[in-house]
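S.K.: Given chain A, work out where chains B and C should sit, using these hints.
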Amino acid sequence: MAKLTIADLKKIKEEYHANQALREGGFRVKITVHMGTCGIAAGARTIMNTVMEELAKSDKKDIAITTSGCAGLCSQEPMATIELAGEPPVKYIALTEEKMRRIFTEHVMSGKPVKEFALVQGHETTY
Amino acid sequence: METTYRSNIMICAGTGCVANGSLKVKDALETELIKRNLQKEVKIVLTGCNGFCAKGPVMVVYPEDIFYQLVKPEDVPHLVEEHFIKGRPVQKFLYTPPAQKDAIPVMNEIPFFKHQVLRALRNRSLIDAEKIEEYIARDGYMAAAKALTEMTPEQIVSEMKKSGLRGRGGAGFLTGLKWELCARVPGDIKYILCNGDEGDPGAFMDRSVMEADPHSVLEGMIIAAKAINAHYGYIYVRAEYPLAVHRLQLAIEQAKDRGLLGKDILGTGFDLDIEIYQGAGAFVCGEETALMASIEGKRGMPRAKPPFPAVKGLWMRPSVLNNVETFANVPPVILHGADWFASLGTEKSKGTKVFALSGALNNIGLVEVPMGIPLKTIIYDIGGGVKNNRKFKAVQMGGPSGGCIPASLIDTPVDYENINKTGAIMGSGGMVVMDETTCMPAMAKFFLEFTEDESCGKCVPCRVGNKTLLTILQRITSGEGREGDIELLLNLSQQIKDTSLCGLGQTSPNPVLTTIKYFRDEYEAHIKEHRCPARVCTPLVKFVVDKDKCKKCGQCFRACPTGALKWEKGQVAYIDPEKCTKCKSCIKACRFWSID
Amino acid sequence: MSNEAVAQQTATDNEVIGPEMYRKIDAIIEKYKDKPGSLIPVLQQAQDVCGYLPHIVQRYVAKGMKMSPSVVFGVATFYSFFTLVPRGKHVIRVCLGTACYVKRSEEILEKIKDELDLEVGEITRDKKYSLEAVRCLGACGLAPVVVIGQDTYGDVAATKVMDIIKKYE
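Protein chains in written order, with the working numbering: chain A, 1 to 127; chain B, 1 to 596; chain C, 1 to 169.
Isolated chain A (complex conformation) (with noise of 0.2 Å):
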């Protein structure tokens, strides 16, 4: 792969978000489930796995799904984050998939967060 420079840093940047932005990036959710060790230990990928199996079912394209690390809040794992384009992300805890099967229909599809499943909404203060 090319060698980077300082102004190819920049137009990464740029692009990443032109690109993954909701709504300009061609995706109108995006679902980000937490994989740090404890996320996995508490089932994480059963969680991945179940929102997999939903993408498939449901033949949507505009649908972004990424992992990311630990969410911080060990004890209510395992965590996942969804965010529609134009609106907060919303935390959800605790999972099975049973509760994320719901999460998919009612949130993801029809837009309508499921509020018992839900822990908090928007972003955390970073700096």
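Simulated from the structure, these hints should not be mistaken for laboratory data.
Accuracy of the hints is not assured; some may be wrong.
[What the hints assert, rightly or not] For lysine-lysine, the following DSBU-like pairs were computed, each having C-alpha atoms within a straight-line distance of at most 35 Å:
no.: 1; chain 1: B; residue 1: Lys458; chain 2: C; residue 2: Lys160
no.: 2; chain 1: B; residue 1: Lys162; chain 2: B; residue 2: Lys376
no.: 3; chain 1: B; residue 1: Lys256; chain 2: C; residue 2: Lys31
no.: 4; chain 1: A; residue 1: Lys30; chain 2: A; residue 2: Lys10
no.: 5; chain 1: A; residue 1: Lys115; chain 2: B; residue 2: Lys131
no.: 6; chain 1: B; residue 1: Lys588; chain 2: C; residue 2: Lys128
no.: 7; chain 1: C; residue 1: Lys111; chain 2: B; residue 2: Lys542
no.: 8; chain 1: B; residue 1: Lys497; chain 2: B; residue 2: Lys305
no.: 9; chain 1: C; residue 1: Lys128; chain 2: B; residue 2: Lys467
no.: 10; chain 1: B; residue 1: Lys566; chain 2: C; residue 2: Lys111
no.: 11; chain 1: B; residue 1: Lys114; chain 2: A; residue 2: Lys30
no.: 12; chain 1: B; residue 1: Lys348; chain 2: B; residue 2: Lys312
no.: 13; chain 1: C; residue 1: Lys66; chain 2: B; residue 2: Lys298
no.: 14; chain 1: A; residue 1: Lys61; chain 2: B; residue 2: Lys131
no.: 15; chain 1: A; residue 1: Lys10; chain 2: B; residue 2: Lys161
no.: 16; chain 1: C; residue 1: Lys35; chain 2: B; residue 2: Lys263
no.: 17; chain 1: C; residue 1: Lys128; chain 2: C; residue 2: Lys24
no.: 18; chain 1: C; residue 1: Lys128; chain 2: B; residue 2: Lys584
no.: 19; chain 1: A; residue 1: Lys61; chain 2: A; residue 2: Lys112
no.: 20; chain 1: C; residue 1: Lys66; chain 2: C; residue 2: Lys24
no.: 21; chain 1: B; residue 1: Lys162; chain 2: B; residue 2: Lys497
no.: 22; chain 1: C; residue 1: Lys160; chain 2: B; residue 2: Lys582
This one's a predicted model, so the numbers in the text were calculated from it and none came from an experiment.
M.R.: Below, chains B and C without anything else, positioned relative to chain A:
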């Protein structure tokens, strides 16, 4: 003379609220206040956006701190009449906390998130650790670019010193100073080392950073390498963290591919190679000279200092070793400047610290808070208080090198100096919370078992001294404690601290010293009364129901696996000593401490 | 160990460590022999090949790395990652980190020791299980934690732990 107002109305003049008519509400308020002749008592202030745009126009009335939402100009006369003349808040416009209505709370309303400021964990939940582009998109490698192109090593060192960043691994040595000492030593070959050995039981922040944001560690190391002029680095990671190793490895490969590691980084002519070294399980390898011995392929035994690693470290070359969290803090310091970094924290402890909360708490997890925050806020607000409504007894900080901070010191601000004053240490940031069911002498014994097991055996005070401490603690917790044992523990502890070779031995008696300092009565109960107040030390538990305390609820009966417990509705429970296996299921089930 | 026991162990070791394993160890040594300080990675990988590090393997590595067997033995016995005896088909690891300790993981360990008639570091007679105590796996949110093979179990009760273990045949 400036007028003193009895009330202030803060009206939001952010874009959202103005669009919803907040300025019209302001005009209506001014008119109404003059009409009622309150203009000298109530002051109107326009504020910036407070984030509740959906509820605009919003306003807060001080000093009562009452939050009104969705106020329209035509509502103003009623509001002024009720609130400022009759002195009662208007229910209709009051903001209803989300717990009472059907909405998902926002970050600021959840105490767990509210007090946190993410710097070392700035990319938490936001990036995919296995994609370098996502790190770059969040300003990744911009600090390294700045350090490599715009800054001299002296400038980097001076910025780091000015920021006041101190080592997050335990001792809290100034990072900039450490770099300066090494930068001044002449030599062609130097090493930059990252300590990811995190051996402290109860601490898992370094694991989380390596797993969730491995590039932030690499970037911190590049900046440090430039400051001391090193071209080779190692990251020493515990074998118990396979996922961290995997993600770091991937990050290194991606960075190499992109020219962010290896030869001629970003076309600046600076070279740095980084390699992962997997530890093989030895707590003492968290000590810097032991860690270096381990990388050299030897048994991880510490050596006497000086010479310090900055002068003679790995392979006898000048070396700098910093911990994972320290490196993760470096890029923002360079990118945003020392003043920005030092804007949070206390006089001598700047910035934020990551803590791993665990034990008897409702919320267990990883939190990052500004230095100086009271212990109480961490435990009760962020941690959500003690689980099962039990009583908070103590919090253990610093692992086997640290100590227990009792409930009476819960207002202690959390920074290096204040934690040291309690007898505990900041350590890497593990906080294990204990309730009344934890026995302190047994806790001290637990840590001494650990130290005795992990002592490398090189120096006598640590090898023999800790074993002797453990023997004394074993007899105390098994009911064979002797008069004078407490004094013996104190005396021996002091000697071990004074004479051990490395940090492990110098700190290993801390759990004993702090538990005696704050919970001496528990030691005395074990020795003199043959009683374990927490009912943990089995040989000291009688397994007899206290008739006066028993509430006749039958919880113990339901928990007993052997049928030793006899109970009928409305009757005091009884334990049959013939059948009892002393498994303590009944003690755990009893909410009233009625089994002795 | 008595002389007889040593002889028996050596016989078993010779049976377990076959020519295929030695070939793999040769390849590892070849890769690392000129790199200073690489004894630990060599031993880690040799253990991956053999499952444990008996004396015959330690001596073989020492010869290949041109080191004294005493140096290899010193390193192999210093670090807890290395085991000189074979492990069971399923390795049961009980976490004794602080957070797990506060949640009484010791009682879990005692229960397993009792039920399987096993001490820490030993293997059951049928070679099915071996028992290890570990210091903090960094999964304190799930305390107390027991790991069996690759599977992590959180919030384990001493009374229920044998039900989990019995699932591993």
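S.K.: Decide, hint by hint, whether the structure agrees.
M.R.: These are the hints, each one checked on the structure:
A C-alpha spacing of about 42 Å is found between Lys458(B) and Lys160(C), which places the hinted pair above 35 Å, so the restraint is violated. Restraint check: the Cα-Cα separation between Lys162(B) and Lys376(B) comes to about 30 Å, which is no more than 35 Å; the hinted pair holds. A hinted pair counts as satisfied when its Cα atoms are at most 35 Å apart, and Lys256(B) with Lys31(C) qualifies at roughly 22 Å. The hinted pair formed by Lys30(A) and Lys10(A) meets the criterion: a straight-line CA distance of about 24 Å does not exceed 35 Å.
For the proposed pair Lys115(A) and Lys131(B), the alpha carbon gap of about 31 Å is at most 35 Å, so the pair holds. Taking the CA atoms of Lys588(B) and Lys128(C), the gap is near 33 Å; set against the 35 Å cutoff, the hint holds. As the CA atoms of Lys111(C) and Lys542(B) are separated by approximately 21 Å, the hinted pair is consistent with the 35 Å bound. Distance hint between Lys497(B) and Lys305(B) is fulfilled; the C-alpha atoms sit about 16 Å from each other, no more than 35 Å.
Distance check on the hinted pair: Lys128(C) and Lys467(B) sit about 34 Å apart at the alpha-carbon level, within 35 Å; holds. Simply put, Lys566(B) and Lys111(C) have alpha-carbon atoms about 24 Å apart, close enough for the 35 Å limit, and the pair holds. Among the hinted pairs, Lys114(B) with Lys30(A) is consistent with the structure: their alpha-carbon atoms are about 24 Å apart, no more than 35 Å. Taking the CA atoms of Lys348(B) and Lys312(B), the gap is near 29 Å; set against the 35 Å cutoff, the hint holds.
For the hint linking Lys66(C) to Lys298(B), the alpha-carbon distance of about 15 Å falls within 35 Å, and the restraint holds. With a CA separation close to 21 Å, the supplied pair Lys61(A) and Lys131(B) stays within the 35 Å bound. Between Lys10(A) and Lys161(B) the CA atoms are separated by roughly 28 Å; this keeps the pair inside 35 Å, and the hint holds. Our distance criterion of 35 Å between C-alpha atoms is met by Lys35(C) and Lys263(B), whose separation comes to about 21 Å.
Restraint check: the Cα-Cα separation between Lys128(C) and Lys24(C) comes to about 26 Å, which is no more than 35 Å; the hinted pair holds. For the given pair, Lys128(C) sits about 30 Å from Lys584(B) by alpha-carbon distance, which is consistent with the 35 Å threshold. Among the hinted pairs, Lys61(A) with Lys112(A) is consistent with the structure: their alpha-carbon atoms are about 19 Å apart, no more than 35 Å. The hinted pair formed by Lys66(C) and Lys24(C) meets the criterion: a straight-line CA distance of about 18 Å does not exceed 35 Å.
Proximity of Lys162(B) to Lys497(B) is assessed by CA-CA distance (about 33 Å); at most 35 Å being required, the pair is judged to hold. Between Lys160(C) and Lys582(B), the direct Cα distance comes to roughly 17 Å. Compliance with the 35 Å bound is thereby established for this hinted pair.
Violation of the numbered hints given earlier is confined to hint 1; every other hint is satisfied by the structure.
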